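From first to last, the protein sequence lines are chains U and L. With this note's numbering applied, the first sequence corresponds to residues 1 to 304, in that order. With this note's numbering applied, the second sequence corresponds to residues 1 to 399, in that order.
Derived from the structure by calculation, the hints contain no laboratory data. Check the hints yourself; a few may be wrong.
Example chain L residues on the side facing chain U (calculated, C-beta under 8 Å, incomplete) [to be verified]:
#1 K293
#2 N294
#3 D337
#4 H339
#5 H340
#6 I344
#7 D346
#8 T347
#9 S348
#10 K395
#11 L399
Remember, it's a predicted structure, so these values are computed and weren't measured experimentally. Positions of the beta carbon are idealized from the N, C-alpha and C atoms, including for glycine.
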Amino acid sequence: MVLCLLALPVFAILGIFSVKYRKLTKDAFECLIKTATLRKCESGLDDRIKAQLTGKILKFSPKFAKVTYNHYKLLSWLILILFAWSIYGSGVGVYNYYYYGNCNGPESTGFCIFDPTGSNSKIAEIDSVTTAVFTQPVLEDDDPIIGSADAELTIIEFGCYACPWTKKAEPIVQEVIEHYKGRVNFQFKTFKIPQHNLSYESALAAECAKEQDRYHEYHKLLFQYQEKQSRGMFLGLADRLELDKDQFKECFLTEKYKKEIDSDSLMGLHAGVPGTPTFFINEQKIVGPKPFKTFRKIIDKELK
Amino acid sequence: MIFFNPDKVRQDFPILRKPIIYFDNACMSLKPIQVINKINEYYTEYTGCAGRSSHQFANRVQDEMAKSRNEVKNLINAKHDEEIVFTRNTTEGINLVANSLGLEKGDGVIISDKEHNSNLIPWLKLKKEKGIIVKVVESNEDNTFNLENFENAFSVGKIKLVSLVHTSNLDGVTNPIKDISEITHQHNALLMLDAAQSIPHKEVNIRNPDIDFLSFSGHKMLGPTGTGVLYGKIDLLKKLDQFIVGGETVIDSTYEDFKIEKVPSRFEAGLQDYANLIALGESCKYLKRVGLKNIQNHELKLNKILTESLADKVKLIGPREPEKRSGIFSFNINGKDMHHVSKILDTSANIMTRSGAHCVHSWFNKHDMKGSVRASLYFYNTEEEAQMFVEEINKIISL
């Protein structure tokens, strides 16, 4: 009976393409029903599988064939448990992919078979080892808010202006803001990625623009021209927004907001941020530019 | 004596190019290229109807069918071509006699306790429907035929027919037909043999001993599937009622009546399977060329290898002496399911055997057994194959 249970879904799928497997599916189904109703399974499918398996192993090892033949039931149960576990795992994977864009959940950046290129989960990773005990990040008055100021829920985003995956998340952030019509906003905290050239400098430039109340426009331009980032370009963008050039230059060259940027990055490290972008929706974490529905699933719960 | 070389004859069997050991010959024999070519010949050179038309294809089919009938006649040493009725298989031949002999309530038929369903069910059906008496002769303990029980069976009712298996598909035992024929005819009864397992493996001469009806299948004797033969003495055939009627079985018909055809056409209803029946003649020729005596001796040699190596390790069905079991080695292994054994043989070593009741359910039910594994040999099997079979069975025993 045990292997009939295993065989049923396999044969059912193969039966879509081949008549041969439809008969086997019927046998497996009949066997299952009879066993479940405490009657003798007469299809003999289980026996056929047992004999075939033993025969195949006997070709190579009489010893293992003997173990298989004599402990077939036990082996069948082990395979069934593994099968059930794998079905459960696959189910969870599909669920996670559907809602979180990654088979392993919203926090994972690991490989997912449904997203082989990892486009939903790529992040700019950091090399440093984070602490074992994580501290929840907090909202700070000195960090900019994207979206309505008086929203019910604020999502903290740890991002890097030099990170392509943070850039990829930008339209999703906008979609969230628009979808929740003032009920949700974001606080952007800069998180330095050492291997990204100009990660710190771009964060510094954004802080300097904020000083002149032009943060949001500068934030957008930094992502828009991400591939062309240079120290000169930061000044050029300031020019384009008609910022006070001298004030911006002084702010930038004296690294006026270094402490603030370092503090944000440190908060990220303490919060267990593995790279950018990472989002915190209260205690839930989303790592990587996951699709909109991943955000919606968590936000809807938090807003209830 | 015709020289026989199993390695040489194997070259005639295209299917033996596959890495297989085919030990299910009691169920179905493999086909030599000559038979396969003969089937193709009909479809590529003279596809037509025999008798109905007069064009060149029809004439050729007519000739080829006649040649085939003649080959079959020669194989069993019948007197006339007309004594050969083409059927689809052994079962159909037996059913033809059962339904055409005019058996009535109280008439008796003797069978043995080792009959294939094809020589049991037709009689049980008549017993139910017409009230005939079916007397079953019990075999000896070693499954050989008990002549004393057979003779005693005539004391019950008015025995019209003795219908026995010639060589059993269960254990390969060949019944003593000479004695059976004498006893049967002493009691003025007719003798019919189910020769499905004897015709392909040994010389059968229907005139000595005297046999009235003989039914066998083409597919077990190198011939195509769906072909069979009923031999009947010409006078007896003429007295038989028609069984299946329609096209080819009548000379003329009106809305009120019909005039029946001559023997054997009156029993061959509808369009015949020309291609395969013509090829059946080719299989008869092939068997004669190889030599049925050679076939019998070769099978015995192989069965000796199996018996000497395995008889003490397995539960053998039938007598221990291989001489009494022709090419059949039917057995069970203690603690192992017969279907498991057969499937493992197939999967581990490509050895094809049959497992189950082999259509002799009645015998297995009587002996409270579910069935057996049956290795059935033929002339294209080799000693190396027999040795490999022994090795594999030893492995399965030790599982």
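Against the structure, the hints:
{"no.": "1", "hint": "K293", "in the structure": "37 Å, violated"}
{"no.": "2", "hint": "N294", "in the structure": "34 Å, violated"}
{"no.": "3", "hint": "D337", "in the structure": "7 Å, holds"}
{"no.": "4", "hint": "H339", "in the structure": "6 Å, holds"}
{"no.": "5", "hint": "H340", "in the structure": "4 Å, holds"}
{"no.": "6", "hint": "I344", "in the structure": "4 Å, holds"}
{"no.": "7", "hint": "D346", "in the structure": "7 Å, holds"}
{"no.": "8", "hint": "T347", "in the structure": "3 Å, holds"}
{"no.": "9", "hint": "S348", "in the structure": "4 Å, holds"}
{"no.": "10", "hint": "K395", "in the structure": "5 Å, holds"}
{"no.": "11", "hint": "L399", "in the structure": "5 Å, holds"}
When each numbered hint is compared with the structure, violations occur for hints 1, 2.
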